[in-house]
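Q: Below, each chain spelled out in residue letters.
There are 2 protein chains.
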Amino acid sequence: MNSQEEVRDFIVNGHNVYLKHLSLDCVIFGYHDHQLKVLLLKNKGGAWSLAGGFIKIEEPLQDAAARILKERTGLDKLFLQQFHTFGLPNRSIRTDEEIKNLSAIAKAPIKKGHWLLERTLSLGYYAVTEYSKVTPIPDYFSEGCEWWETDNLPEMFFDHKEIAIEALKALRLQIYHQPIGFNLLPEKFTLPEIHDLYETILGKKLDRRNFPKKLLALGLIKKLDEQKKIGAHRSPYLYKFDKRRYDRALKEGIVLAF
Amino acid sequence: MNSQEEVRDFIVNGHNVYLKHLSLDCVIFGYHDHQLKVLLLKNKGGAWSLAGGFIKIEEPLQDAAARILKERTGLDKLFLQQFHTFGLPNRSIRTDEEIKNLSAIAKAPIKKGHWLLERTLSLGYYAVTEYSKVTPIPDYFSEGCEWWETDNLPEMFFDHKEIAIEALKALRLQIYHQPIGFNLLPEKFTLPEIHDLYETILGKKLDRRNFPKKLLALGLIKKLDEQKKIGAHRSPYLYKFDKRRYDRALKEGIVLAF
Chain A
91 MNSQEEVRDF IVNGHNVYLK HLSLDCVIFG YHDHQLKVLL LKNKGGAWSL AGGFIKIEEP
151 LQDAAARILK ERTGLDKLFL QQFHTFGLPN RSIRTDEEIK NLSAIAKAPI KKGHWLLERT
211 LSLGYYAVTE YSKVTPIPDY FSEGCEWWET DNLPEMFFDH KEIAIEALKA LRLQIYHQPI
271 GFNLLPEKFT LPEIHDLYET ILGKKLDRRN FPKKLLALGL IKKLDEQKKI GAHRSPYLYK
331 FDKRRYDRAL KEGIVLAF
Chain B
91 MNSQEEVRDF IVNGHNVYLK HLSLDCVIFG YHDHQLKVLL LKNKGGAWSL AGGFIKIEEP
151 LQDAAARILK ERTGLDKLFL QQFHTFGLPN RSIRTDEEIK NLSAIAKAPI KKGHWLLERT
211 LSLGYYAVTE YSKVTPIPDY FSEGCEWWET DNLPEMFFDH KEIAIEALKA LRLQIYHQPI
271 GFNLLPEKFT LPEIHDLYET ILGKKLDRRN FPKKLLALGL IKKLDEQKKI GAHRSPYLYK
331 FDKRRYDRAL KEGIVLAF
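Protein sequences appear in the order of chains A and B.
For the first sequence, our numbering begins at 91 and goes up steadily by one.
For the second sequence, our numbering begins at 91 and goes up steadily by one.
The hints are simulated quantities; they were obtained by calculation from the structure and are not laboratory data.
There's no promise every hint is true.
Remember, identical chains collapse to one label, so a pair may be satisfied in a single copy or spanning two.
[As the list claims (entries may be wrong)] Derived BS3-like pairs: lysine-lysine, alpha-carbon spacing no greater than 27 Å straight-line: (1) LYS223 / LYS312; (2) LYS251 / LYS341; (3) LYS110 / LYS202; (4) LYS110 / LYS201; (5) LYS223 / LYS132; (6) LYS319 / LYS330; (7) LYS110 / LYS146; (8) LYS304 / LYS259; (9) LYS303 / LYS167; (10) LYS132 / LYS190; (11) LYS134 / LYS333; (12) LYS318 / LYS259; (13) LYS201 / LYS146; (14) LYS127 / LYS259; (15) LYS259 / LYS341; (16) LYS304 / LYS294; (17) LYS333 / LYS223; (18) LYS294 / LYS313.
Bear in mind that the values here come from a model prediction, so they are computed numbers and not experimental data.
Kindly generate the complete structure, drawing on both the sequences and the hints.
A: Here it is as structure tokens:
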């Protein structure tokens with residue numbers, strides 16, 4: 091949405107376009123150089139929130155997730171993964187001030203029974219990107235987008251902070267069963283680079299020896315006959331993902347323990 | 091629901107009681123003696139389905155899952171775990187015959203716009219029980235309940251077969267991160283017994299030596315100074331779960347690889 095008129099139409103007529111009782115929130119993790127961050131939008135009202143929206147009446151969920159992320163942040167081509175549906179009965183209760191703001195935009199009082207005041211569950215989706223390579227663009231509802239450190243999140247709109255924390259837990263479990271890194275590392279990388287990626291996402295230390303052994307044993311990465319020049323006495327070997335095995339592992343799953 | 095009159099009221103007035111667009115389906119796995127089965131209900135129409143229902147307007151999801159399971163099968167006190175929300179736009183399209191049946195019970199034609207004809211997403215929940223210890227009771231909609239082998243499921247209502255298959259995948263991932271077995275094994279058990287439980291759920295062979303080592307290393311099980319008498323020359327040691335560590339592992343998660 092790009093204008094107040096579009097927002098008015100959304101408030102007044104949205105129930106003819108979107109499924110009632112259901113929203114969808116995207117938790118976008120950004121990895122770069124020892125850091126894992128999460129993308130938050132600053133609403134014009136001042137609250138921090140996830141990139142969320144509503145599902146169209148006939149829209150597949152995966153399409154809804156991609157559209158909402160694109161509309162709210164300009165980001166696309168991310169693999170969004172559903173991880174949990176949040177449904178506490180009181181999770182979406184709006185404050186009097188929020189209702190007043192909605193009424194002002196709608197130019198009519200928003201009352202009990204209005205679709206935006208009903209109990210709304212949220213389908214949580216997450217994705218991981220390399221945050222130095224993307225530039226999120228705030229939409230009409232937001233005055234800005236910012237990457238926040240995952241262990242230092244601000245207070246957030248509705249239960250969005252809990253959704254972000256649960257997404258991080260889901261990502262940390264996923265990493266044991268699906269390969270990660272193809273879009274987060276350079277095409278050729280050193281073992282310390284992939285080791286750092288996994289340590290950063292998991293938020294814990296991994297064994298320097300066991301870790302690469304496992305990835306090599308699964309055939310996910312292969313050693314190249316090429317070294318990276320870091321200094322006079324440091325030239326670690328480069329590795330790359332075996333794309334065929336990586337894709338198969340994505341589909342069939344793996345079991346890792348480091 | 092126990093009578094045709096209650097069903098009529100549900101069809102005609104259910105939209106005042108339940109959230110539109112949302113249902114909840116329970117996949118109940120039963121483990122017993124080398125076998126993993128799943129509980130299906132046979133609808134009076136003849137179709138096999140999961141134990142499903144709708145969420146009340148103000149009802150917490152966990153309460154809804156427990157209530158629906160109890161209403162549909164009589165089972166309770168199972169730990170139901172949400173695993174995925176199913177939302178293909180066409181997943182809940184009813185056949186002409188189903189609509190005719192609904193109309194007959196409602197004593198009025200069910201038409202476009204009726205709450206039971208709208209797109210409905212389903213929140214999937216699963217639980218595991220020891221099936222020789224429970225007796226499911228069919229409700230008014232069903233003519234029976236049966237335990238089916240997970241690798242030999244019949245054709246099912248809507249997308250219930252896909253939901254059951256996805257639940258099994260979720261259970262198989264969960265077992266690497268949460269302990270299992272406390273309610274599925276006798277209080278004192280042998281290593282072959284717990285080994286069999288894990289193999290049956292995972293549907294694959296596990297190393298005879300590594301497997302118990304991991305459980306012991308995590309402190310989940312402990313060896314008792316007591317042996318089981320199986321025959322003149324077979325008296326394996328008995329083990330039991332360390333309940334404190336087991337509960338902590340449930341809460342904090344573990345990482346297993348066998």
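Q: Run every hint past the structure and note whether it holds.
A: Hints versus structure:
1. LYS223 / LYS312: within (25 Å within a copy, 50 Å between copies)
2. LYS251 / LYS341: between (30 Å within a copy, 20 Å between copies)
3. LYS110 / LYS202: Answer is both: 14 Å inside a copy and 17 Å across each meet the 27 Å cutoff.
4. LYS110 / LYS201: Close inside one copy (16 Å) and across copies (19 Å); limit 27 Å.
5. LYS223 / LYS132: within (21 Å within a copy, 53 Å between copies)
6. LYS319 / LYS330: Result: close within a single copy only, 16 Å intra versus 55 Å inter.
7. LYS110 / LYS146: This pair counts as both: shortest intra-copy Cα distance 9 Å, inter-copy 14 Å.
8. LYS304 / LYS259: both (22 Å within a copy, 23 Å between copies)
9. LYS303 / LYS167: Intra 31 Å, inter 43 Å, cutoff 27 Å: neither.
10. LYS132 / LYS190: Intra 19 Å, inter 50 Å, cutoff 27 Å: intra-copy only.
11. LYS134 / LYS333: Neither way: LYS134 and LYS333 sit 43 Å apart in one copy and 50 Å across, limit 27 Å.
12. LYS318 / LYS259: Intra 34 Å, inter 41 Å, cutoff 27 Å: neither.
13. LYS201 / LYS146: both (23 Å within a copy, 21 Å between copies)
14. LYS127 / LYS259: Cα proximity of LYS127 and LYS259: one copy only (14 Å, versus 29 Å across).
15. LYS259 / LYS341: Classified as both; 21 Å inside a copy, 12 Å across copies.
16. LYS304 / LYS294: both (17 Å within a copy, 20 Å between copies)
17. LYS333 / LYS223: Close inside one copy (21 Å), not across copies (47 Å); limit 27 Å.
18. LYS294 / LYS313: Result: close within a single copy only, 25 Å intra versus 31 Å inter.
Of the hints listed earlier, those the structure fails to meet are numbers 9, 11 and 12, in rising order.
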